[in-house]
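Next come the chains, spelled out residue by residue.
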Amino acid sequence: MFRNQYDTDVTTWSPAGRLFQVEYAMEAVKQGSAAIGLRSKTHVVLACVNKANSELSSHQKKIFKVDDHIGVAIAGLTADGRVLSRYMRTECINYSFNYESPLPVGRLVVQLADKAQVCTQRSWKRPYGVGLLVGGTDESGAHLYYNCPSGNYFEYQAFAIGSRSQAAKTYLERRFENFYELFKG
Amino acid sequence: MFRNQYDTDVTTWSPAGRLFQVEYAMEAVKQGSAAIGLRSKTHVVLACVNKANSELSSHQKKIFKVDDHIGVAIAGLTADGRVLSRYMRTECINYSFNYESPLPVGRLVVQLADKAQVCTQRSWKRPYGVGLLVGGTDESGAHLYYNCPSGNYFEYQAFAIGSRSQAAKTYLERRFENFYELFKG
Amino acid sequence: MFRNQYDTDVTTWSPAGRLFQVEYAMEAVKQGSAAIGLRSKTHVVLACVNKANSELSSHQKKIFKVDDHIGVAIAGLTADGRVLSRYMRTECINYSFNYESPLPVGRLVVQLADKAQVCTQRSWKRPYGVGLLVGGTDESGAHLYYNCPSGNYFEYQAFAIGSRSQAAKTYLERRFENFYELFKG
Amino acid sequence: MFRNQYDTDVTTWSPAGRLFQVEYAMEAVKQGSAAIGLRSKTHVVLACVNKANSELSSHQKKIFKVDDHIGVAIAGLTADGRVLSRYMRTECINYSFNYESPLPVGRLVVQLADKAQVCTQRSWKRPYGVGLLVGGTDESGAHLYYNCPSGNYFEYQAFAIGSRSQAAKTYLERRFENFYELFKG
Amino acid sequence: MFRNQYDTDVTTWSPAGRLFQVEYAMEAVKQGSAAIGLRSKTHVVLACVNKANSELSSHQKKIFKVDDHIGVAIAGLTADGRVLSRYMRTECINYSFNYESPLPVGRLVVQLADKAQVCTQRSWKRPYGVGLLVGGTDESGAHLYYNCPSGNYFEYQAFAIGSRSQAAKTYLERRFENFYELFKG
Amino acid sequence: MFRNQYDTDVTTWSPAGRLFQVEYAMEAVKQGSAAIGLRSKTHVVLACVNKANSELSSHQKKIFKVDDHIGVAIAGLTADGRVLSRYMRTECINYSFNYESPLPVGRLVVQLADKAQVCTQRSWKRPYGVGLLVGGTDESGAHLYYNCPSGNYFEYQAFAIGSRSQAAKTYLERRFENFYELFKG
Amino acid sequence: MFRNQYDTDVTTWSPAGRLFQVEYAMEAVKQGSAAIGLRSKTHVVLACVNKANSELSSHQKKIFKVDDHIGVAIAGLTADGRVLSRYMRTECINYSFNYESPLPVGRLVVQLADKAQVCTQRSWKRPYGVGLLVGGTDESGAHLYYNCPSGNYFEYQAFAIGSRSQAAKTYLERRFENFYELFKG
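As given, the protein sequences belong to chains S, X, V, A, E, R and G, one line each in that order. For what it's worth, UniProt numbering labels the leading residue of the first sequence as 1, then goes sequentially. For what it's worth, UniProt numbering labels the leading residue of the second sequence as 1, then goes sequentially. For what it's worth, UniProt numbering labels the leading residue of the third sequence as 1, then goes sequentially. For what it's worth, UniProt numbering labels the leading residue of the fourth sequence as 1, then goes sequentially. For what it's worth, UniProt numbering labels the leading residue of the fifth sequence as 1, then goes sequentially. For what it's worth, UniProt numbering labels the leading residue of the sixth sequence as 1, then goes sequentially. For what it's worth, UniProt numbering labels the leading residue of the seventh sequence as 1, then goes sequentially.
Please keep in mind that the hints were generated in silico from the structure rather than gathered at the bench. As the structure is a prediction and not an experimental result, all values here were calculated from the model. A portion of the hints provided could be inaccurate.
[To be verified] Subject to a maximum C-alpha distance of 25 Å in a straight line, what follows is the list of computed DSS-like cross-link-like pairs (lysine-lysine):
#1 X:K61 <-> V:K169
#2 G:K30 <-> G:K65
#3 E:K61 <-> R:K41
#4 E:K65 <-> E:K51
#5 X:K115 <-> X:K30
#6 G:K125 <-> R:K125
#7 G:K61 <-> S:K30
#8 V:K169 <-> V:K30
#9 E:K169 <-> E:K51
#10 A:K125 <-> R:K125
#11 G:K125 <-> X:K125
#12 S:K115 <-> S:K30
#13 A:K125 <-> V:K115
#14 R:K169 <-> E:K61
#15 G:K169 <-> G:K30
Throw the hints in and build the complete structure from the sequences for me.
Encoded structure:
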């Protein structure tokens with residue numbers, strides 16, 4: 001009921017210190033079809049559910065190559081995800097042009113998160129409605145990150161996002177103790 | 001009822017993670033007169049329903065030539081479609097001027113989708129109210145894409161948009177198994 | 001009743017995919033005093049109803065010369081029409097200065113329609129409240145176009161706009177079958 | 001009652017195709033003290049009612065000289081009228097500086113009307129609340145125009161604006177048939 | 001009651017053609033402590049009521065010297081008045097620097113009024129909440145003007161503004177017939 | 001009750017000619033912890049109540065040195081006060097750099113007041129929520145000013161602001177008749 | 001109840017002189033997981049609670065290194081905290097590049113507070129939703145500051161922020177009298 005007072009403007013805080021518009025954008029991620037990612041010490045695997053709209057259509061692209069060493073799987077608003085992927089591609093090209101070495105995954109993830117944060121603090125924009133699983137390898141090994149609409153990011157050994165991702169997460173946590181070993185090693 | 005709280009501003013998320021203004025713009029596509037597209041490995045056919053307003057009027061142009069190798073059929077707000085067609089024409093001319101080769105269809109479609117995405121994330125704009133069937137041929141063969149107001153695009157073997165397009169889609173799916181064969185081949 | 005939720009902002013879509021503010025602007029055209037246009041293969045005739053406000057006033061100018069080969073008759077907000085006529089005049093002058101040939105009628109009509117479309121997609125503007133019958137002759141013969149506030153345009157053999165234009169349209173359709181012959185020829 | 005939905009924003013159309021804010025601004029002209037203008041073939045006379053606020057005050061200036069050949073009488077918001085008069089003076093000076101001949105009256109009136117039109121199509125402005133009777137002589141003879149807040153202008157042989165101007169208009173129409181003769185001549 | 005529909009935005013006209021926000025700003029002048037001005041042919045006297053806030057405070061400055069030949073007394077928002085006085089001072093300095101003669105009083109008053117008018121036609125501003133009695137002498141003799149928040153100005157022989165100024169005005173009108181004589185002479 | 005119609009926007013006048021948002025900002029000064037200032041002919045004393053938030057914290061700085069000859073004590077929003085102090089410091093440095101003499105206290109106070117006034121006339125800002133007691137000495141002796149959120153300033157011999165300052169003011173007025181003598185002398 | 005009138009816009013004062021949006025942002029700090037800081041004369045210790053979202057995730061980074069001599073621990077919106085940390089890092093690098101000495105902690109804290117204050121005075125932004133414990137050492141010894149969303153900062157000997165920080169604060173105050181000795185010494 002009273003939520004409506006505070007939840008239509010991205011720059012309005014609720015009395016409990018929450019930004020509802022950011023939370024609603026995260027809800028959009030939950031509505032998207034699922035995407036999962038796993039990593040060992042040396043490799044990252046990204047996968048997602050693709051349902052073609054009709055027999056005559058190809059499926060919509062939801063995994064994007066960013067650079068030779070980085071890829072991304074998305075859940076939520078595909079258009080927002082595509083725009084962000086393009087941004088990541090540009091950053092990678094600029095970095096390797098300037099420094100003649102591939103952009104470290106963790107660094108790209110921070111830039112992506114900062115770009116998302118800006119959209120949560122301007123009244124004329126809206127938070128991106130997409131979650132991104134960013135996987136890649138660099139000098140420090142293989143990495144899997146989850147970037148969410150709030151401008152936060154988290155590093156994972158294995159993670160799933162999108163609709164019915166809870167089942168996937170439970171499955172991953174049960175079966176992949178061996179991954180956890182690798183993670184600590 | 002409660003939808004009204006979240007559906008008048010394009011940059012406002014609903015609690016369920018939806019952007020109602022984008023969905024309403026897609027409704028405008030459904031209200032437009034129908035357009036269909038089909039493709040084989042080498043050719044694309046675009047067609048649309050044209051009802052002249054009166055005996056003394058010509059019909060309104062709803063299929064536009066973009067370049068020698070690309071055409072577009074629209075459903076929805078004709079004015080928005082015309083403006084987007086002009087944008088596509090300019091992109092094609094610039095590309096062939098710079099690279100002396102025709103702009104690949106898939107690349108043009110992405111640029112078009114990005115332009116549509118921007119209009120879903122600025123509070124002083126509105127999403128385009130038009131769906132575009134973009135057909136064209138390039139080095140990778142013949143392509144048929146559908147660009148929708150949300151900034152998404154889909155590749156199809158055959159597709160129909162606009163009012164009563166469901167019947168057309170059903171017809172296409174039933175009769176054109178041969179197309180599907182070509183699609184896989 | 002519920003329309004009011006969606007019809008006060010030009011950049012707000014209604015749930016049924018309509019832009020009410022654009023439709024209301026078209027209503028302004030219907031309230032203006034009538035204007036009609038007819039064309040043969042070689043000539044265009046524009047006419048409009050002019051009621052002087054008082055015995056001592058001249059009538060308000062509602063037909064404007066744009067260039068030697070183009071004229072325009074308006075219905076609706078005269079001030080908006082005058083501003084658009086001036087825009088058209090400037091475009092014609094620039095074209096003939098650059099290319100040393102008159103601006104083709106169809107090309108001018110598209111530019112005019114694009115200018116109108118912009119006003120339907122910015123939250124701080126309003127759609128023009130005027131309909132324009134643009135008549136002119138160029139290398140491809142005589143043309144009669146109707147430009148409406150939505151950013152659409154239509155080619156006609158004969159057309160009428162403004163208040164009680166329906167009667168005029170019916171009359172035109174009945175009596176001018178010969179025009180239709182010319183149109184096809 | 002329901003008018004209120006559409007009449008507080010200058011860029012909002014009513015369902016009947018009216019711009020209420022423009023009409024309200026015209027109401028401000030009706031509230032101002034009266035001004036009248038008459039013209040023969042060679043001369044224009046402008047006059048207005050001036051009531052001093054108190055015995056110790058001079059009256060407020062409501063007739064302004066624009067140039068040697070042009071003057072203006074206003075009804076409505078005096079401050080708006082003064083600002084527009086200054087604009088007209090600047091235009092006259094610039095014209096005569098550039099072309100070494102006086103600015104034709106009709107041309108100035110159009111520029112003034114265009115300036116007024118802009119204020120009816122920007123959400124952060126308001127229509128001018130003043131009506132202007134512009135009288136002047138140039139090579140084509142003597143002219144009397146009425147510029148109203150909507151951006152329209154009308155040429156008159158004799159006209160009255162402001163509060164209780166209806167009586168003045170009736171008087172003018174009855175007594176000045178001779179003026180009408182001149183007007184046609 | 002219904003006034004509230006039209007009286008919170010400075011750029012919104014009421015149906016009766018009034019700008020309530022401007023009228024409310026004039027109310028602020030009436031709430032300020034009184035200021036009066038009188039003039040003969042050669043001199044102007046400005047005076048105002050100054051109540052110190054406490055025994056330990058000096059009174060707030062409400063009469064400002066603008067230039068050697070011009071002074072101003074204010075009623076209403078002192079901060080607004082001070083800002084406008086500074087503007088006037090700058091204008092006087094610039095004029096005398098450029099033309100080596102003092103700025104005529106009437107000319108300064110018009111510039112001041114134009115500055116006030118702008119604040120009544122921009123949605124992001126508010127009208128100044130101050131009335132200014134501007135007194136000064138120049139080649140054409142002594143002058144007393146009243147500039148009000150609406151952008152209007154009036155010339156007076158004697159005038160009073162601020163709270164309970166009506167009594168002062170009545171007194172001035174009764175006793176100063178001799179002033180009126182001077183005024184006409 | 002009805003106040004709410006006029007008191008949420010800083011640029012909206014109430015029907016009684018008041019700016020409620022400015023008055024509310026002055027309320028913030030009353031809520032701050034108290035600050036007092038006293039002056040003789042040659043010295044100014046500033047003092048304020050500082051309550052540390054906890055045993056382990058230092059108290060918050062509420063008296064700032066502006067220049068060698070000027071200091072300021074604040075009550076209300078400390079962050080606003082600190083930003084304004086920094087502004088004052090910059091002004092002092094620039095002045096002494098340009099003129100090789102210290103900035104007179106009265107002049108600094110006017111600049112500060114003008115900065116505050118601007119925030120009461122722009123719709124996208126808010127008035128500063130801080131009161132400043134500015135004390136300093138210059139060629140004309142010692143001065144104590146109070147700058148308030150409305151853009152006004154007052155000179156005092158002794159003054160107190162902030163919560164429960166009324167008791168302090170009463171005390172000051174009773175005991176410091178000797179100050180008053182100095183003030184007049 | 002009535003609070004809602006004043007608490008959705010960051011630039012709107014409540015009648016009691018409060019900025020509710022700033023207070024709500026401070027509430028976000030209270031919702032974040034706890035962070036604490038302690039300091040002796042020569043060292044600062046920062047610590048925070050890190051709960052990993054799942055067994056397969058690493059924890060989210062909540063302590064950032066700013067420079068060799070400065071670190072920060074955050075509670076609240078992690079994305080806001082990360083953006084501010086980056087700002088601090090840039091300031092430190094610029095300072096040491098220009099002056100070849102490390103940026104004093106107190107100076108950095110003021111710049112950070114000023115950046116936060118700006119977000120409380122622009123209608124199109126929102127206050128940062130993060131509290132920062134800034135710890136560092138410089139020539140004047142070891143320092144611990146708390147920067148809060150309102151633009152205020154406080155120096156502490158020991159402090160805790162975030163959810164259930166009250167217990168931590170009580171613990172710190174009881175056990176660390178020895179710290180207090182150091183603080184005074």
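Pairwise hint evaluation, K65 (chain G) against K30 (chain G), where the allowed Cα distance is 25 Å at most: holds, 23 Å
Hint consistency between K61 (chain X) and K169 (chain V) [alpha-carbon to alpha-carbon, up to 25 Å]: Since the Cα atoms of K61 (chain X) and K169 (chain V) sit roughly 22 Å apart, the hinted pair holds (cutoff 25 Å).
K169 (chain G) paired with K30 (chain G) [C-alpha distance capped at 25 Å]: holds, 13 Å
Proposed proximity, K30 (chain S) with K115 (chain S) (alpha carbon, max 25 Å): holds, 21 Å
Restraint check for K169 (chain R) with K61 (chain E), where alpha carbons must lie at most 25 Å apart: The given pair, whose Cα atoms are some 22 Å apart, holds under the 25 Å limit.
25 Å limit on alpha-carbon distance, applied to hinted pair K125 (chain A) and K125 (chain R): Since the Cα atoms of K125 (chain A) and K125 (chain R) sit roughly 19 Å apart, the hinted pair holds (cutoff 25 Å).
Given hint K41 (chain R) paired with K61 (chain E) - CA-CA distance at most 25 Å: holds, 21 Å
Pair hint outcome, K115 (chain X) versus K30 (chain X) [Cα-Cα no greater than 25 Å]: At roughly 21 Å apart (the allowed maximum being 25 Å), K30 (chain X) and K115 (chain X) satisfy the hint.
Pair hint K65 (chain E) and K51 (chain E), alpha-carbon separation not exceeding 25 Å: Holds, at about 20 Å.
Pairwise hint evaluation, K30 (chain V) against K169 (chain V), where the allowed Cα distance is 25 Å at most: Since the Cα atoms of K169 (chain V) and K30 (chain V) sit roughly 13 Å apart, the hinted pair holds (cutoff 25 Å).
Pair hint outcome, K169 (chain E) versus K51 (chain E) [Cα-Cα no greater than 25 Å]: With a Cα-Cα distance of about 21 Å, the restraint between K169 (chain E) and K51 (chain E) holds, given a limit of 25 Å.
Hinted pair K125 (chain A) and K115 (chain V), Cα distance within 25 Å: Satisfied, since the Cα-Cα distance of roughly 21 Å is no more than 25 Å.
Comparing the model with each numbered hint stated earlier shows that all of them hold.
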